[in-house]
Amino acid sequence: MEIVVEYLGCNPNLTSGTMEGQWNIVNTPDGQLQIGVNTQIGQPNQGLLISPDGNTLSFNGSVIAGTGATSGATNGLVNYSAGNPILWGVNSVDTNGGFYCDGSKVY
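Going by the numbering used here, the first residue of the sequence shown is number 84, and it counts up by one from there.
Since the hints were derived computationally from the structure, they do not count as laboratory data. It is possible that some hints are incorrect.
[Claimed, not checked] Pair by pair, the computed Cβ-Cβ distance ranges are: (1) 145 / 96: 32 to 38 Å; (2) 106 / 127: 14 to 20 Å; (3) 116 / 96: 26 to 32 Å; (4) 104 / 136: 30 to 36 Å; (5) 144 / 108: 17 to 23 Å; (6) 103 / 136: 31 to 37 Å; (7) 138 / 104: 29 to 35 Å; (8) 110 / 144: 15 to 21 Å; (9) 127 / 96: 27 to 33 Å.
Even glycine gets a Cβ: it sits at the ideal position worked out from N, Cα and C.
Model the full structure from these sequences, guided by the hints.
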């Protein structure tokens with residue numbers, strides 16, 4: 084599999100390749116968008132991946148949002164770090180313990 088890599092930074096002494104700890108954004112031949120640190124690029128189940136159709140978000144092999152989600156988001160539900168749900172398209176005006184929305188802004 085040929086991988087096309089767009090570097091966010093580069094070694095000033097080289098014309099290609101990654102640097103240790105350098106972040107990369109890759110458009111893979113099968114159409115995925117992969118974001119990861121140099122050694123993660125091209126490795127299965129490594130880094131942050133967006134599916135070719137844009138409907139699935141995965142992190143280190145776990146689908147966290149979209150079709151086939153195993154954690155994080157299923158049926159429009161996303162959990163942020165405190166574990167409290169955010170429902171897409173639903174306004175929550177309760178200001179206790181997490182995100183809430185007044186219709187145009189999320190707090």
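Practice problem: Given the range 31 to 37 Å, decide if the beta-carbon distance of residue 103 to residue 136 lies inside it. | Solution: holds, 33 Å
Exercise. Can you let me know if the beta-carbon spacing of residue 110 and residue 144 is within 15 to 21 Å?
Key: This hint holds: roughly 19 Å between Cβ atoms.
Quiz item: Holds or violated: 14 to 20 Å for the Cβ distance of residue 106 and residue 127?
Solution: holds, 19 Å
Quiz item: Between residue 138 and residue 104, does the C-beta distance stay in 29 to 35 Å?
Solution: holds, 31 Å
Practice problem: Using the beta carbons of residue 116 and residue 96, state whether their distance is inside 26 to 32 Å or not. | Solution: holds, 28 Å
Quiz item: Could one say that the CB atoms of residue 145 and residue 96 fall in the range 32 to 38 Å?
Solution: holds, 37 Å
Practice problem: Check the following: the C-beta atoms of residue 104 and residue 136 are separated by a distance inside 30 to 36 Å. | Solution: The hint (30 to 36 Å, Cβ to Cβ) holds, given that residue 104 and residue 136 are roughly 31 Å apart.
Quiz item: Does the Cβ-Cβ separation between residue 127 and residue 96 fall within 27 to 33 Å?
Solution: holds, 31 Å
Practice problem: Take a look at whether the Cβ-Cβ distance between residue 144 and residue 108 falls inside 17 to 23 Å. | Solution: Taking Cβ atoms as reference, residue 144 and residue 108 lie about 19 Å apart, which means the hint holds.
Hint check: no violations occur; every hint is consistent with the structure.
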